[in-house]
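Since chain A is already given, all that's left is putting chain B on it; use the hints.
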Amino acid sequence: MVFLRRAEPPQSSSALAAASATQSSSGFLPGALVDRPRLSARDISVYYADVQAITNVSMDVAQHEILALIGPSGCGKTTLLRTFNRMNDSVRGCRVTGNVIFDGEPIYRKGVDPVALRARMGIVFQKPNPFPKSIYDNVAYGPRLHGLVDRQAELDEVVEASLQRTGLWNEVKDRLHKPALSLSGGQQQRLCIARTIAIAPEIILMDEPCSALDPIATARIESLMRELARNHSIIIVTHNMQQAARVSDRTAYFHEGHLIEIGTTDQIFTTPEQSLTEDYITGRYG
Amino acid sequence: MNTLQLTVLLAGLAVLFFWLGRWRARQLARVQGGFKHLHSRPDYYGLVAALWVGLPSLLVLVIWWMLEDRVIAQIVLAALPEAMAPASAAQQELVLTRLRLINSGALLVPDGVHWQQATEQFRVLTERSQYGRQALVLALAVIAGALSWWRIRPAQAARTQIERLLHGFILLCTSLAVLTTAVIVLSVLFESLTFFQAVSPWTFLFGTQWSPQMAIRVEQIGASGAFGAVPLFVGTLMVAGIALVVAIPVGLMSAIYLSEYARPGVRDVLKPLLEVLAGIPTVVYGFFAALTMGPLVRDLFAGIGFDGVSPQSALAVGLVMGVMIIPVISSLSDDVIRAVPLSLRDASEGLGATRGETIRHVVLPAALPGIMGGILLATSRAIGETMIVLMAAGLAAHLTLNPLEAVTTVTVQIATLLIGDQAFDSPKTLAAFALGLLLFVTTLVLNLIALIIVRRYREQYD
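As they're listed, the protein sequences go chains A and B. Counting with my numbering, you get residues 1 to 286 for the letters of the first sequence. Counting with my numbering, you get residues 1001 to 1462 for the letters of the second sequence.
Bound conformation, chain A alone (with noise of 0.2 Å):
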C-alpha cells in the first residue's frame, strides 16, 4: 500500500461536519472512554497566539496500552502529544482549555508543577536527539537529576537495565564512556528511550520515533514498544499506517484539529465509521 500526500483535502467540510454531528449528540465519541483510564482528555483546545490548533478533544488512555494517534500532516497529533506532559508550556503564545486528568488529577491547574509531572511521563521525540555525553551519561541523566539513586552501583544497575530493556546493553556495553552521537540513527533513538524509562516513567510519549529511521531499526524499535507496553501505556503520534496498525491497540484519528474517530486499532483499520478515517487509511487522503 502506498499513501500519497495530497496538498488538498477533498470535500473536508462536509465530512467533518458529520463527524462532529457524531461527537455532539452523546459528548464523547464513541470508544473515546475506558474502563479506569490512566490519562483522560477533556475538551482540550489549544491555540497558537491566534490559530486553533486543537478543538476540543475528550479521549481516555487505558492503562498498558499503545494508543496511535494518526492523521494528516498539521492535524495536530504532536500539538495534542506535547499537551499532555505540558511541553507547550514553554512555547510562546500558546494557549490551552479544557484539561487533562493524570492519575484522577488535573494536570492544568495553578500548583501543578510540570516539572514533575514530566518525569512521569517520558517523551520521545521524532528525530534521535541524545545528549553531546558519553552513553552512560545519557541514560544516567535523568535519575542523576532526579536523584533516584544513593550509590554508583544503582546508578550503574539502572542504566545497564534500561540499556537491556532497549536491546542496546549489548551493543554498547563495551564503550558506554564513547560519546553517544558514534552510535547509528537507531541506536541512538533506542538510547533516547532508554533515556526515557531510566526515571521510570508511567506514560511514555512517542512524537513518530521511527520517522528517521531505517525498517529494520524500526522493526527493533516496535518489538520494544511491545515489550514496553507491560509496563508503561504508550502514546504514539505516527505518519506510517502499517506500523500503527502492527503495534496498537486503539488508534485515534485526527483531521484539522478535531478528533473524528477512535477505536480499537482493528476496527479503525477495517470497518472505520467515518468517511475522512477511511480516505485517509485507505490512501485516498492523507
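Honestly, the hints are just simulated from the structure, not real lab data. Where is the CB? At the ideal position from N, CA and C, for every residue including glycine. Don't take every hint at face value.
[Stated by the list, open to error] Distance ranges between label pairs, derived from CB positions: (1) B:Val1269 with A:Ala49: 13 to 23 Å; (2) A:Glu154 with B:Ile1170: 50 to 60 Å; (3) B:Ala1011 with A:Ser211: 53 to 63 Å; (4) B:Arg1041 with A:Ala49: 39 to 49 Å; (5) B:Leu1296 with A:Ser45: 57 to 67 Å.
[Unchecked claim] If we take Cβ atoms under 10 Å as the criterion, some of the chain B residues that face chain A in the derived model are: (6) Gln1121; (7) Arg1345; (8) Gly1350.
Chain B alone, transformed into the frame defined by chain A:
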C-alpha cells in the same frame, strides 16, 4: 603618461573587452539558437576576456616597476668613471639619491662633467624605461585581450575558469593576513634579539627590578637601567585577572538571561544597550577609572580601615576594565547559547529537568567552546589594554600582590618606552620589543591552554 594614467587606461581596456567578449558570446549563441547552447552565461565570457586584458599586464607593470629602479642604478653606477666610483654601499646610496633628486628637479646639477654625464644617462634611461613599460603593458593587454576574445567558443568553460580564479583570489587574501602576522612577529623577534644582546634573557625574564633609565650621555649618573620584567607581568596579570573576575560571571549571566529568559522585546532592547559598552573609547573608561573609580575604591577601603590605599590602584583599573570587556563575553556567549539546538532543551525538559538544570547540564556544556572563545577574546583585550592603565594606574613598577597599590603593565611600559628621546638602538627602546614578544608568547600560550580545555570538555552536538 604616468603609472596612474596607465592603470586607468588598462581598466578602460578591460571594460571594453568585457563588452566585446559578451557581445561575441551573444552572437555565437544567436547563431546556434539561444543562450542554452553556451556553456556559461555571456557575462562570464566577457569577464574572462576582461581579466586577460587586466591581469597579465598589471603583473608585468608591477614587476617592471619593482625592477626598474635597481636596473637603472646598476647601469649608471657601472658607467661612472673611476674618480667618482663610490667606495662603500652607503656612498653608493648617496650618489643614487642625489641622481634621483636631480632628476626630479629638486637639486641642481652639480658642476663637473662626470656628474653631468651621469645625470644625463640617468634621465635618458628613466625616460626610456617609462616608454618601454607603457608600450609593453599596453601591447600585452591588447594582444591578450584580443586572443582571448578570438578564442571565445560556446563550449568554453568560462564560469569554471572564473571560479578557479576566484578560488585563487580568496586564497591570496587569506595568505595576506597570515603573512602579515608572520612579518609582525619576525620584526618584533629581530628587535628583541638585539635587545637580548645587551640584557641577558635571564635577567629580563626573572629580574624583579624594572627601571629602564639609560644614560643618554656617557657621563650621566644614576641611570644604569634595570630590565626585570617580573613586576610588569605581575601587574598585567593582576589587572587582567581582576577584570576577568568581574567580566566572566557578569557577562555569562547576562548572556544566559538574554538568550534563555528574556522575552524577545526585552532582548532586542537590552542586547544593543549592553553592546554600547564595547563602543565606548578606552580613553573615556580611563578617566572614569582615574577620576571616579580610583577615589571611590580608596575611600571605601580607607573607610573599613585599610591604610595607604593608593588612588591609583590595580583594583580600580581592573574593575573598570572588567566592565569594558563584559560585552565581549556576553555577546559572543549569547550567540553560541542560542545556537544550541532546541531538541536538546526539549530532551532535557522532557525528562523533567527545570530550566536552570537544563541550562547547567545541557546548554552550557554544549556551548562551552564558544563561551571559551569569548572569554579568550576578553582576556586578550584585558591584557592588551593600555589606555585605562596608563591613565589610572600610574607608571611605577614595583612588585606587589596587593591590588590596592599602584601597578603598571606591560603595554603601558611599551608605550612609555617608545615615547622618549633615546636612540632607537638603546636597550631602553629595544626593551619595548622584548616586552611585546613576551606579551605575544603569553597570549599564544593562553590560547593553547584554552584550546586544550575546549578539546577535552567539548560536547559536539552535530
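Status of the Gln1121 (chain B) interface restraint (C-beta, 10 Å, chain A):
75 Å, violated
Just tell me: holds or violated, for the beta carbon distance of Glu154 (chain A) and Ile1170 (chain B) against 50 to 60 Å?
This hint holds: roughly 57 Å between Cβ atoms.
Does the Cβ distance between Arg1041 (chain B) and Ala49 (chain A) fall inside 39 to 49 Å?
45 Å Cβ-Cβ, so the 39 to 49 Å window holds.
Hint says 53 to 63 Å; check whether the CB-CB distance for Ala1011 (chain B) and Ser211 (chain A) agrees.
57 Å, holds
Can you tell me whether the CB distance of Val1269 (chain B) to Ala49 (chain A) sits inside 13 to 23 Å?
22 Å, holds
Taking the beta carbons of Leu1296 (chain B) and Ser45 (chain A), is their distance inside 57 to 67 Å?
58 Å, holds
Hint check: 10 Å Cβ-Cβ cutoff, Arg1345 (chain B) to chain A
8 Å, holds
Hint check, Gly1350 (chain B) versus chain A [nearest Cβ-Cβ separation less than 10 Å]
4 Å, holds
Checked against the numbered hints given earlier, this structure breaks only hint 6.
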